[in-house]
Amino acid sequence: MFSQNGLSLDQAPPLSVIFRFFFLGSLFGILAGVLLFFYQTEIFDASSTAALTFTHLLTLGVMLSFMFAALFQMLPVIAGITLTSPVRRANLLIYPFALGSITLLLGFNFPTLSWLYTLSAFLLGVSLLGTIIPMLSDLLKLQNHSFSSKGMAAALLSLVFVVLLALYLLASLSGYVDGSYYVPVKAAHYSFGLFGWIALLIISISFQVIEMFYVTPPYPKIVSMYLPVGILFLLLGSTITAFFIPDIWILSEILLALLLSAYALLTLKRLTQRKRPLTDATVWFWRMGLSSLILSMLSILILNFTELSLLKPLSYIFFTSFALSIVFAMFYKIVPFLTWFHLNSQGYFSAPLMHEIIHPKTAKKHLYIHLATIITFIASLFFSPFIFLAAALTILSFGWISYQIIHAHFLYKKTQKSGEKFDMGSMN
Amino acid sequence: MIITNYMKNEHRECDTLFAKTEEAIAEGAWEVADQHFLAFTNETLLHFKKEEEGLFPAFEAQTGMSQGPTQVMRYEHEQVRNLISKMAEALGKKDKDASLSLAESMMILIQQHNMKEEQMLYAMCDRTLPPELKESTLEAMKSMLL
Numbered sequence: 009m010f011s012q013n014g015l016s017l018d019q020a021p022p023l024s025v026i027f028r029f030f031f032l033g034s035l036f037g038i039l040a041g042v043l044l045f046f047y048q049t050e051i052f053d054a055s056s057t058a059a060l061t062f063t064h065l066l067t068l069g070v071m072l073s074f075m076f077a078a079l080f081q082m083l084p085v086i087a088g089i090t091l092t093s094p095v096r097r098a099n100l101l102i103y104p105f106a107l108g109s110i111t112l113l114l115g116f117n118f119p120t121l122s123w124l125y126t127l128s129a130f131l132l133g134v135s136l137l138g139t140i141i142p143m144l145s146d147l148l149k150l151q152n153h154s155f156s157s158k159g160m161a162a163a164l165l166s167l168v169f170v171v172l173l174a175l176y177l178l179a180s181l182s183g184y185v186d187g188s189y190y191v192p193v194k195a196a197h198y199s200f201g202l203f204g205w206i207a208l209l210i211i212s213i214s215f216q217v218i219e220m221f222y223v224t225p226p227y228p229k230i231v232s233m234y235l236p237v238g239i240l241f242l243l244l245g246s247t248i249t250a251f252f253i254p255d256i257w258i259l260s261e262i263l264l265a266l267l268l269s270a271y272a273l274l275t276l277k278r279l280t281q282r283k284r285p286l287t288d289a290t291v292w293f294w295r296m297g298l299s300s301l302i303l304s305m306l307s308i309l310i311l312n313f314t315e316l317s318l319l320k321p322l323s324y325i326f327f328t329s330f331a332l333s334i335v336f337a338m339f340y341k342i343v344p345f346l347t348w349f350h351l352n353s354q355g356y357f358s359a360p361l362m363h364e365i366i367h368p369k370t371a372k373k374h375l376y377i378h379l380a381t382i383i384t385f386i387a388s389l390f391f392s393p394f395i396f397l398a399a400a401l402t403i404l405s406f407g408w409i410s411y412q413i414i415h416a417h418f419l420y421k422k423t424q425k426s427g428e429k430f431d432m433g434s435m436n
Numbered sequence: 009m010i011i012t013n014y015m016k017n018e019h020r021e022c023d024t025l026f027a028k029t030e031e032a033i034a035e036g037a038w039e040v041a042d043q044h045f046l047a048f049t050n051e052t053l054l055h056f057k058k059e060e061e062g063l064f065p066a067f068e069a070q071t072g073m074s075q076g077p078t079q080v081m082r083y084e085h086e087q088v089r090n091l092i093s094k095m096a097e098a099l100g101k102k103d104k105d106a107s108l109s110l111a112e113s114m115m116i117l118i119q120q121h122n123m124k125e126e127q128m129l130y131a132m133c134d135r136t137l138p139p140e141l142k143e144s145t146l147e148a149m150k151s152m153l154l
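Going down the list, the protein sequences come from chains A and B. Numbering of the first sequence is given in our numbering, commencing with residue 9 and proceeding in unit increments. Numbering of the second sequence is given in our numbering, commencing with residue 9 and proceeding in unit increments.
Be aware that one or more of the hints could be misleading.
Calculated lysine-lysine pairs in the DSBU-like style (CA-CA distance at most 35 Å, straight line) [to be verified]: (1) Lys104(B) with Lys277(A); (2) Lys369(A) with Lys277(A); (3) Lys16(B) with Lys421(A); (4) Lys104(B) with Lys229(A); (5) Lys373(A) with Lys101(B); (6) Lys320(A) with Lys158(A); (7) Lys373(A) with Lys283(A); (8) Lys229(A) with Lys28(B); (9) Lys104(B) with Lys149(A); (10) Lys421(A) with Lys102(B); (11) Lys372(A) with Lys101(B); (12) Lys57(B) with Lys372(A); (13) Lys425(A) with Lys369(A); (14) Lys94(B) with Lys283(A); (15) Lys102(B) with Lys373(A); (16) Lys16(B) with Lys150(B); (17) Lys102(B) with Lys142(B); (18) Lys102(B) with Lys425(A); (19) Lys369(A) with Lys104(B); (20) Lys158(A) with Lys57(B); (21) Lys158(A) with Lys429(A).
From chain A, some residues computed to sit far from chain B (all C-beta separations above 10 Å) [as the list claims (entries may be wrong)]: (22) Pro22; (23) Ser24; (24) Lys149; (25) Ser154; (26) Gly183; (27) Ile230; (28) Thr249; (29) Ala250; (30) Leu286; (31) Leu319; (32) Ile414.
So the derived label-pair ranges between C-beta atoms look like this [as the list claims (entries may be wrong)]: (33) Thr92(A) with Glu126(B): 25 to 35 Å; (34) Gln424(A) with Pro65(B): 35 to 45 Å; (35) Lys102(B) with Leu316(A): 55 to 65 Å.
Honestly, the hints are just simulated from the structure, not real lab data. All C-beta atoms in this analysis are idealised placements derived from N, C-alpha and C, irrespective of residue type, glycine included.
Go ahead and model the full structure; you've got the sequences and the hints to work with.
Written out as structure tokens, the structure is:
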């Protein structure tokens with residue numbers, strides 16, 4: 009771990025690597041908002057093309073991009089892994105990934121053009137597996153594991169399954185395989201994606217960052233040691249069992265909902281125990297995300313006992329709110345800190361302070377925009393024209409994030425170009 | 009785990025003092041902020057001294073690793089020292105925004121540093137140093153003054 013001090017400048021990945029993933033994610037977010045004007049409330053019908061496209065725009069386009077930004081940064085910090093040639097790795101991932109995602113979205117909308125599925129399977133399969141497997145292998149080789157690094161390994165393993173299952177689904181859609189397992193594979197793809205990848209990665213990272221950013225007591229060992237592995241085994245067990253007993257997912261979803269709700273409640277409690285009494289926007293983003301997770305899981309639980317059709321879209325909206333809120337919370341810590349840290353470590357006297365890069369008030373304004381976005385999505389379930397407002401707010405929300413990245417990037421470049429530099433060499 | 013427990017406890021004390029400083033800055037209570045910040049600075053610098061003059065040399069002599077983890081920690085101590093002086097300057101000017109901004113950077117920097125020490129380095133020290141050397145190093149650190 010120590011020979012690879014992640015937050016020392018010589019080992020940290022260049023800022024551009026982190027920024028480009030955040031930027032790509034926000035562009036997909038803007039696109040999601042634009043498409044919402046056309047799809048409207050059709051996105052709430054899970055079997056529609058609109059829902060399929062919108063879900064993948066958010067999970068694949070937005071979340072995966074943002075999470076790759078976090079992974080490239082967090083792997084050195086949390087796990088002490090140095091990613092060799094990070095710029096090359098990032099380039100080899102980002103372009104085929106972006107192109108593959110767009111091709112996939114087009115494929116959903118033009119299903120007769122089956123070559124789109126084939127092309128997206130190739131681009132996404134190669135770029136994602138080519139990045140995830142080396143990351144996973146580095147993680148598995150670690151001699152000194154933290155709970156976070158173990159959890160990240162479990163999350164990355166889930167992502168490998170997500171991609172492999174997706175490749176089977178795409179092969180079925182393109183006609184390469186007969187698709188006799190399409191239904192159970194689709195259920196596994198969906199569950200591994202939402203619970204195994206998104207939730208598990210957030211949980212694993214939170215074991216470290218909640219304590220680090222907010223100075224809270226650590227999570228109980230029983231939680232940090234067994235929760236990620238428990239979720240992974242539950243998903244694996246359910247996937248295999250579902251080939252024989254498809255209804256097993258009902259039981260698994262109930263268990264997952266209980267586990268994730270318990271995690272969310274525990275983290276909310278940790279946030280009340282923080283030593284730093286100041287409450288900035290990121291604390292509220294976390295609170296909003298965790299409360300949304302509880303509401304989403306509650307909707308899933310109740311859905312098993314009632315026929316209330318409203319609960320399904322509600323569970324989707326709340327799960328999206330969970331994932332996005334926490335990603336935004338991370339964004340508002342990572343981007344200003346890294347920009348300051350890189351410039352400060354390079355010896356620039358005039359390195360802008362964190363608040364000059366992104367002011368806490370700016371983050372708070374985004375919190376309100378984000379909250380309004382989620383509320384309008386919920387409102388559109390009752391009064392459909394609200395979806396137009398939700399679409400506009402989605403564009404505004406991701407536009408806001410894009411602007412912060414551009415602003416931080418230009419500030420960074422400007423300081424590098426004109427800032428007065430202290431010669432670190434003279435210290436030695 | 010006597011090294012881990014002792015050093016970890018010092019980290020927590022520094023965290024508490026720093027959180028009090030941050031709170032006082034936010035409230036605009038500059039005199040209180042100065043007092044807490046001074047206490048935090050003294051505690052932190054003494055803690056660094058204990059590591060750099062007590063624990064790290066003992067670890068390096070025992071393991072022969074002088075360019076490894078301890079070197080990284082020394083480098084990060086320098087970064088914190090540098091930030092302490094910048095923050096003292098901002099406090100002197102009663103610049104709330106700059107002080108809180110530097111406090112945020114300081115907190116993240118220190119927490120990631122502490123985690124590396126607590127999860128790895130102290131555990132390595134507890135594991136590799138013979139019991140009597142561990143005891144004597146600990147006693148030497150306890151008796152150090154700034």
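Okay, the hints, checked on the actual structure:
1. Lys104(B) with Lys277(A): holds, 29 Å
2. Lys369(A) with Lys277(A): Measuring from Cα to Cα gives roughly 25 Å; hence the hint holds.
3. Lys16(B) with Lys421(A): Violated, at roughly 39 Å.
4. Lys104(B) with Lys229(A): Not OK: Lys104(B) and Lys229(A) at ~38 Å, beyond 35 Å, violated.
5. Lys373(A) with Lys101(B): holds, 28 Å
6. Lys320(A) with Lys158(A): holds, 32 Å
7. Lys373(A) with Lys283(A): holds, 25 Å
8. Lys229(A) with Lys28(B): Satisfied, since the Cα-Cα distance of roughly 28 Å is no more than 35 Å.
9. Lys104(B) with Lys149(A): violated, 46 Å
10. Lys421(A) with Lys102(B): This hinted pair holds, its Cα atoms lying about 29 Å apart.
11. Lys372(A) with Lys101(B): holds, 26 Å
12. Lys57(B) with Lys372(A): It is violated: about 40 Å lies between the C-alpha atoms, which goes past 35 Å.
13. Lys425(A) with Lys369(A): Answer holds: Lys425(A) to Lys369(A) is near 28 Å, not above 35 Å.
14. Lys94(B) with Lys283(A): holds, 23 Å
15. Lys102(B) with Lys373(A): Holds: Lys102(B) and Lys373(A) sit about 26 Å apart, inside 35 Å.
16. Lys16(B) with Lys150(B): holds, 14 Å
17. Lys102(B) with Lys142(B): Roughly 44 Å separates the two Cα atoms, so the pair is violated.
18. Lys102(B) with Lys425(A): Status holds; Cα separation ~30 Å.
19. Lys369(A) with Lys104(B): holds, 14 Å
20. Lys158(A) with Lys57(B): Roughly 34 Å between the alpha carbons, so the hint for Lys158(A) and Lys57(B) holds.
21. Lys158(A) with Lys429(A): The given pair, whose Cα atoms are some 40 Å apart, is violated under the 35 Å limit.
22. Pro22: Label holds. Min Cβ-Cβ 19 Å, cutoff 10 Å.
23. Ser24: holds, 21 Å
24. Lys149: The claim holds: Lys149(A) sits with its nearest Cβ about 16 Å from chain B, beyond 10 Å.
25. Ser154: Violated: least Cβ distance 6 Å, not greater than 10 Å.
26. Gly183: Consistent with the label, Gly183(A) stays out of reach of chain B, its closest Cβ about 51 Å off (over 10 Å).
27. Ile230: holds, 18 Å
28. Thr249: holds, 37 Å
29. Ala250: Nearest chain B Cβ is 38 Å from Ala250(A), so the label holds.
30. Leu286: violated, 6 Å
31. Leu319: holds, 39 Å
32. Ile414: The claim stands: Ile414(A) keeps its Cβ more than 10 Å from every Cβ of chain B (closest is about 20 Å).
33. Thr92(A) with Glu126(B): 25 to 35 Å: At roughly 28 Å between Cβ atoms, Glu126(B) and Thr92(A) fall inside 25 to 35 Å, so the hint holds.
34. Gln424(A) with Pro65(B): 35 to 45 Å: holds, 38 Å
35. Lys102(B) with Leu316(A): 55 to 65 Å: The hinted range 55 to 65 Å holds for Lys102(B) and Leu316(A), with Cβ atoms some 57 Å apart.
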